[in-house]
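From first to last, the protein sequence lines stand for chains A and B.
Counting from 1, one number per residue, gives the positions in the first sequence under the working numbering.
Counting from 1, one number per residue, gives the positions in the second sequence under the working numbering.
Each hint should be verified, as a subset may be incorrect.
Pairs count within a copy or across copies, as identical chains cannot be separated in the list.
[What the hints assert, rightly or not] Simulated crosslink set (EDC-like; lysine to aspartate or glutamate; CA at most 20 Å straight-line): (1) K362 to E376; (2) K341 to D43; (3) K341 to E75; (4) K341 to D236.
Hints listed in this document are in silico derivations from the structure and should not be mistaken for laboratory results.
Each chain, letter by letter, is given below.
2 protein chains.
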Amino acid sequence: MNDSVYGGLLTDKYELTMLSAALRDGTANRTSTFELFARRLPDGRRYGVVAGTGRFLEALPEFRFDDVARGSLTEFLDPDTLAYLRDFRFRGDVDGYAEGELYFPGSPVLSVHGSFAECVLLETLALSIFNHDTAVASAAARMVSAAEGRPLMDMGSRRTHEHAAVAAARAAYIAGFAASSNLEAHRRYGVPTEGTSAHAFTLLHTGPDGPDELAAFTAQVDALGVGTTLLVDTYDVTTGVANAVAAAGTGLGAVRIDSGDLRVLARQVREQLDRLGATRTRIVVSGDLDEYAIAGLRAEPVDSYGIGTSLVTGSGAPTANMVYKLVDVDGIPVEKRSARKESHGGRKEALRLSRTTGTVTKEIVYPVGHPPPSVEPSRVLSIPLVRRGESVIALGTEALDVARELVASGLRSLPWEGLMLSHGDPAIPTTLIPASRPPSDTQE
Amino acid sequence: MNDSVYGGLLTDKYELTMLSAALRDGTANRTSTFELFARRLPDGRRYGVVAGTGRFLEALPEFRFDDVARGSLTEFLDPDTLAYLRDFRFRGDVDGYAEGELYFPGSPVLSVHGSFAECVLLETLALSIFNHDTAVASAAARMVSAAEGRPLMDMGSRRTHEHAAVAAARAAYIAGFAASSNLEAHRRYGVPTEGTSAHAFTLLHTGPDGPDELAAFTAQVDALGVGTTLLVDTYDVTTGVANAVAAAGTGLGAVRIDSGDLRVLARQVREQLDRLGATRTRIVVSGDLDEYAIAGLRAEPVDSYGIGTSLVTGSGAPTANMVYKLVDVDGIPVEKRSARKESHGGRKEALRLSRTTGTVTKEIVYPVGHPPPSVEPSRVLSIPLVRRGESVIALGTEALDVARELVASGLRSLPWEGLMLSHGDPAIPTTLIPASRPPSDTQE
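Next up, chain A with everything else stripped away, as it sits in the complex (with noise of 0.2 Å):
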């Protein structure tokens, strides 16, 4: 923990040595645009989904450099470069992709404009935020596709670092899951939370004559209800269901299970509890779920599923892998010829086609106030997100909930094979219409 003072370290040295060398030269304050994007999605994933936008703005403020920051850079940076730090904050703007939208190979999710010193030092942050929130935004929409209107909770918190996992929890919500276990992500975003026990309270209640499960559950209803949700796997399920309806009787909320076959398992429980009159009592599921797994429960009769490791770690994604690419100086577009890492010049923004029935088919990215003529439906999908480094956007709580509702439609307007779980290309093609090199058309 130990993290009240920070912002503007959570950055790499050579934003800072790259400043200094700019502000040396003259070239700092050269007016410049770079762009966040991805090359491409992940290994055979058909769509992503912007998630972190909220996040970077909330943070843009507080990346500051006070006196502890400035103080533990002094053994590198020259005076000029520490003074520019200590008056520094964001003045520039920021459009892009709304938090929620998809994305696909190409699309400018984030447009950052202003002098080269005040974008080259969000370069850090931004792409941590991005890449984090955007990898577990981006699985778990699959896994709310897989699960077809079932609910999922997120239990994913002790699979990765412990702020990571507030973020995930927030992203997962926005891709529509229900609920986490994260208490933090309640605190500080409103995420509902649910949870109830493990199986140490189960054994805890062991004594010299061995376990007692029914004893567990007993305690566990007096404290929470029989709304509540009892763990039936730690010893024998069979037995574990017995115990739950004994303990709660015929109006308990669920049982959860977490290891073994859950499709034979929920099949089971289901036959059992109906037997025994807890026809309402739901049924969860957890135990290492993704979304393949997610699919192939479908015939089955869960209710809910948790989900851990494979949602905080991007489910074989980690990362989003977006860059931040510096494309225009001066009006200039600039692009670097890298091998198989190649960037486009020019300041650019995007729309979106559709059919008339809303199903999306293609996107463009063209430069700025250059829209191509179209004649079907389209959406410009960039928008303002910063002006004179004021956020312009709603955040908190509500734009939660607007990001949440934005991924539902994207899901809804992707054609049918865009939502396959199997591996193929983006759902959607990508047109880039390329800047025209000056001075043939500059009018901006």
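Let chain A serve as the given structure and place chain B on it in line with the hints.
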């Protein structure tokens, strides 16, 4: 960011509902031992490296529930539980492996002893810290081993959550990395930092007449000296190297290549540098490297490596999948029998046997106080970490160097096949001596 208030809320809701139920039925004060361990290593790994111990011990005194935290819990917790939390701090004992120790399946990495209430509350925090830090350190150690003495630098901050990045830099340093790009890791933990410039700095030096790489290099050398590292692959590597030596002279510190076929480029660049007289200029390579790519570059004239994504995401194993299980209640060993998720009852500690050469041969996990008779040289791995809630080991910067040395000696102690990068079994077997069931043998 906004991380100023947390502490106890970095946890799962069910820890608190279990506490509530246990307080109500009188079991909360039963003397309990929880064990933190991994049932198995990540797929094909031959060893793991314990990391997070120092961070966990530093977090312990901060894991409290202040007014703000308790205020967010009133909607689901009863007054007795809230009163318990108001006064809570961990006052129990912790034993475990020193940070930097190798571990294998079943190694009792942490053993937490106290009342059920105080031990269960630590579950999520302990797992978050150990699962993250251990995953990074375990991957990092394989990279260090593959690099055979050439320095490695962590450049992965941008590929993971902004706070996880700080912990990852610390874990990588423990595992033997030479430095990190992360400035907060330097301020907080004293991790050495490195970093010079990105492609953006070269692209910034673009004018109406086009790119001017030489101007960018000259500016960087003016600011940072000829010992700096110039990034030569923005446009064309051969031209980049020529510009680099033109800007800095033959005393140039290093060039960095971040794209393309690094094997071919490293050789070409080495020849070109030598031809230009820059025979002592080092070659730094980066760009999607992992332990296999590092090993694949062993024969090339590469002087150091920059590692990003694969480091901070655990190179395919982003979490160590450790669990935290109740193993003893009031002196009675307890264990669950869930399919493929068994635990083994009883308080345990461990020792490692070795040949007289120092090569380890076996790990033995045994009931506390009952070590096996042994004729081979052995070292007890379990040490006291916390007594009555207070850390009894050194923390902070110096402790990091001790852990780093422990990793290095651990890697030297492995049999040769233990250092192979290919998939395989754990380098040494672990033998578990089970706890005797009471009352036959419960002398402790």
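Alpha-carbon proximity between K341 and E75, which holds within one copy, between copies, both or neither at 20 Å: Result: close neither inside a copy nor across copies, 33 Å intra and 51 Å inter.
Is it within, between, both or neither when you check K341 against D43 at 20 Å Cα-Cα? within (16 Å within a copy, 31 Å between copies)
Within, between, both or neither: K341, D236 at alpha-carbon 20 Å: between (54 Å within a copy, 13 Å between copies)
Check K362 against E376 for me: Cα-Cα at most 20 Å, and say if that holds within a copy, between copies, both or neither. For K362 and E376, the Cα distance is within 20 Å only inside one copy (10 Å; across copies 69 Å).
Violated hints amount to a single one, hint 3; each of the other numbered hints is respected by the structure.
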